[in-house]
Amino acid sequence: MADEITITIDGQEVTTTPGKMVVQAANDAGIYVPYLCYHPGMKPYGACRMCVVEVEGQRGTPASCTLPVRDGMVVNTKGDEAVKVRDTTLDLLLSEHPHGCLTCHRIDLCGPQDICLRHVDVVDRCVTCPKNERCELKDTTRFHPQELVSPLTYQYRNLQVETKDPFYDRDYNLCIVCARCTRACDELRGDVAIGMTERAGQVLVGTVMGDSLLESGCEFCGACIDVCPVGALTETSYKWERPARVEQSVCAECPVGCTMTYEVNHWERVVRAVPELNSPANMGQACFQGKFGFEYVNDKRRIRKPLVRRDGELQEATWDEAIAAAAEGLAQYKGSTFALMANPRNTNEELYAAQKFARAVMGSNSVDVASNDRPGTVEGLQDVFGYFAGTMTTWELADSAAVMVVSANLTEEQNVIGVPIKRAVRNGTQQLIVIDSREVELTRYASLWLRPYPGTDPVLLGGLLRCIVDNGLADMEFVNERAEGWDELAACLAPFTLDAVAAETGVSAASIEEAARVYAGSGASALLLGGDGSVGGTRRTMSRMAAGLAIATGNVGKRGAGVMPLYQGANGQGAWDMGIWPGATPGHNLIQETPEAREALGALWGAPVPLEIGSGNRHMFDRAREGAIKAMLVLDDHVHYEDGTLGDVTGGLDALEFLVATSAFPSAVTERADVVFPAEVWAEKTGTYTNIERRVQPLRKVAKNKRVDSRSDLDVVCAIAGAMGARGFSWDGPAQVLDEIGQAVPEYAGISWERLLRERLDIVTTPSDEPQPTQVMYTGNVLTGLQWPCAAEGSADEPEMFVSRFRHGKAQLQPVAWHPRPTAGAEFPLMLAHGRVLLEPGRKPNVTVVGKRNRVEREERFVLNPADAAAARLGEGDAASVTTADGSERRGVVALSDAVPAGVVSLTTLFGELAVEVDSSDRPDPMNHIARLNAVPVRIAATSHAGSPSP
Amino acid sequence: MTTTSRPHGAPDDASPGSLRERARRAIEEQPSPTVTVLSSLLAAQDELGYLPYEAIDEVSMCTGSSVNEVWAVASFYPNFRFTPPARHSVEICWGPTCHVLGAQPILQGIVSHLGLDGEGDTEDGSISLKYNTCLGVCPHAPAMSFDHELAGRMSLDEAVSRVERIRSGDDGADGRTSRG
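Taken in sequence, the protein lines are chains A and B. To convert, take the position in the first sequence, counting from 1, and add 29; that gives this note's numbering. To convert, take the position in the second sequence, counting from 1, and add 288; that gives this note's numbering.
This is chain A alone, in the form it adopts within the complex (with noise of 0.2 Å):
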């Protein structure tokens, strides 16, 4: 390739491109260049001064980070001069770091207990540091060739250690001012909830005034602890455990499936979480849910043993009896009066033998998943384009000129996807709208951010398109060559006059045509829909005005362009792909209109597949309460079943006369069973996850919980058949199962484990035994998994899905129609639109220590539109309570903002409260039980100001 170059680095010829720094080059080849400093992923920044080198023709020692490669350079990493310099720059950062062990030829033999006869004070011993043994310092230092007599004294910085924020410990006194911290918050992540402060000799890393994370804008989302080199940032849980092991898995928590290193510790413990730094579906990125959020997968309150119900009483069973008894009392229910509900964190394995258990061995299509009550969110995608899905990739949106978030916490929900967008604004590439009646991190980022109505969603996306189309600005030649129905859909669009969407949505007529006019003319938009602005029976026109947007600006099939569905669940796509879907069978087929696809299912299992079309989500649950849903298999816990979402469950579950559960811990839904199963969770599991961009990502068995006897849910389901005397269950193992889920579902085809295991990046990294980043310590491997469409083996798989066909064909673009508002009550005439932030301006938030722990202590507002606040005879500056339907009461001041629409109370809070909540937790898995911030009626009233906290 003509932009190769060919340096010399200690005598090597290596390859390398320009534009790499030298020693990301040596790194690449497998020469290793000491460094503190430097982290792949980041700009060069030469602050350790660690990896200077010699440069032939060149004076002096540059830092390799820093520096170019050039064609024909000749670079020596062990030059005398430059080893001379790295002794002394080791010399200063050891001296403002304990060391008296990092310079003693006993370090090996020591351990925590001993007496030391060179008297290092226990506080500075490595062995009683959290890092040690995974230090940096230490294995850089001992890397070292030479010995270190500092003459330099060494002074205990003595600060006090900073343990009561949520999931962090920080201690400065450990901290060698390396700024990847900084850096990584600053440039990967682009918070800036940590800087530098002061200088020259006191100069650290810290807060605005010192001030608690929870005030700083932190999103926990540990990035700054994955690149810490030295023990100054940890973990708080398992602080000082050190892996035994290390598994690479794909994350559990949410859609974007992102690719994580797991330490497992000497006692089936997981115990850290670190994302990887090249996996394609997270670039090294995480969470606050997935770097924080594994620790249930060790809790020692899981279900242990098998549960039957006998006398009233559920009590241990063998998995003999437990599956005898499930299969039993199913064998009584066969038909539509049985249901199925799966569960997000189920495998794609698991949730095809569950869906053909319900459908072949029950004879019923009522199968969903707990994480799919907006089906109305991808129904609209699949009408237009053919599939239950998104069509862009996650990292992609770093490239997109316009990103259109629709009503959607991203930053807490799928939090990665936000990552890409934020940086891009950041860098001034892209121009962001939010759609959302909240105040969401992203809001702060939005050139244009739109507050219609909550509700108004789906006539707000109606008034962009007629905007599109009346101003010219649609892009009809791909109209015409893609898609049909244009001119159907166009006729639907005649009541969406610019005026009467303003005036539905309470967004103003000037912002529609702004935000029209980007979203069509910037090249390269993306769409990102969310279904927090919506209500039920509208989403699905919601999702067909966006394809259509999508359709009518040429904005699908071509990089940063595409429409992606923001839904919960780590493996939601998973289960539509499945077949988890109560009118539709694997491979997006809809089970009334594709009798071929059914037949040809039908003559794959032996069994024929059920046409009546079956039961999902809150339906099912209505309907056990009706007594048509005699039965249910539910598997595994989530928040849908005790937050309303999904309606009564508790109720449905009640009125059963069967219930059979498999659940890692005792919930509301294992107290009604009958017959419970312990579950593995996602770390003990084999399998597959399909992750929000299609990518099929394999899930490898991380760790086992020794105390409890579980299966995984295919396990289970596949013995519960084989007792029923179901053929076709006989898989050995989950890789079988994939095969044959490539025989029903054609795009996932070519897809095989062996294949999944075969698809990798192969990262050249210098010796593992040689001083390195946690991040790329692990890296090497890195499975990137396949992205569906994947026809056959061999075959490549389609990031960019739609480029020049849609599914069948042309996209079928489909009619729309006006929902009107939803009315309010005369009892709750406003909408609370709660959103969530990171840190408001303006605004300080205060914080107390209760206990040990840092809790955020804020006044709530109300921002209140004056008309309403007028109404409701309030002031600015009122006290005031906002109540719920459901009793439930909220106090603070009023506030009035024209920016409010009416008929709305604006209530922000912080993500540090939600920090704070999940950390103090009781409950074994917290992050799988936070409720969705959704806008409900409230009514507004004065309260006097005794009692409540001064303005």
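Don't take each hint at face value.
Using C-beta positions, here's what the derived DEER-type ranges look like [to be verified]:
1. B:P304 <-> A:K329: 58 to 66 Å
2. B:K418 <-> A:V152: 52 to 60 Å
3. A:R455 <-> B:L326: 54 to 62 Å
4. A:A538 <-> B:P372: 30 to 38 Å
5. A:L121 <-> B:G352: 32 to 40 Å
6. A:V152 <-> B:P393: 27 to 35 Å
7. A:G86 <-> B:P372: 55 to 63 Å
8. A:T265 <-> B:T371: 26 to 34 Å
9. B:E452 <-> A:G230: 36 to 44 Å
These are computed hints drawn from the structure, not numbers from a lab. Since we're looking at a predicted model, the values are computed, not measured. The beta carbon of each residue, even a glycine, is placed where N, CA and C say it ideally should be.
Once you've looked at the hints, dock chain B against the given chain A.
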């Protein structure tokens, strides 16, 4: 990081005369054509005499930076102070000329007179003592300044009586120092 300069929700107390409002006005009314974090911090401190959190927050909003970035700049310079200054400032020059002509005994005498260990504010909040590397009036060394008013050819007795004079004239009125 914020790309929008004003919060979307309602801010904390920004009523006329509040610290936040005064800081905001000072930042917005900077005459120089180039407004930076540093110039804004200086403007806010000129107005308030110190930089409370509200001023840092306002600078961050006006410049589109995070509060932590602004803090990184503010904490870098010893010229900024983050606690309210004392009511009067006394500066004592310890530049080379003043040093040669006897600044040291005056300096030590004043420090002990005020009951301090060195630079700092007196316990009663009346006087901020600062050392200055050069007050720029070397012909009149040893020099001091009292509430920014220069005084030359000082002796310890003279210095103590001047300190007492501004302290006794203290009616709580605004003799505030600027720039710490």
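Hint check:
Between P304 of chain B and K329 of chain A the Cβ separation comes to about 59 Å, which falls inside the hinted range of 58 to 66 Å. For K418 of chain B and V152 of chain A, the hinted distance range of 52 to 60 Å is not satisfied, since their beta carbons lie about 37 Å from each other. At about 21 Å, the beta-carbon gap between R455 of chain A and L326 of chain B misses the expected band of 54 to 62 Å. Between A538 of chain A and P372 of chain B the beta carbon distance is about 49 Å. The supplied range of 30 to 38 Å is therefore violated.
At about 36 Å, the beta-carbon gap between L121 of chain A and G352 of chain B stays in the expected band of 32 to 40 Å. The hint said 27 to 35 Å for the Cβ distance between V152 of chain A and P393 of chain B, and at roughly 43 Å that hint is violated. One distance hint, 55 to 63 Å for the beta-carbon pair G86 of chain A and P372 of chain B, holds here, with the actual separation near 58 Å. Range check, T265 of chain A to T371 of chain B: Cβ separation about 32 Å, and the 26 to 34 Å hint holds.
The hint said 36 to 44 Å for the Cβ distance between E452 of chain B and G230 of chain A, and at roughly 37 Å that hint holds.
Figure legend: structure checked against the earlier numbered hints; hints not met, in rising order: 2, 3, 4 and 6.
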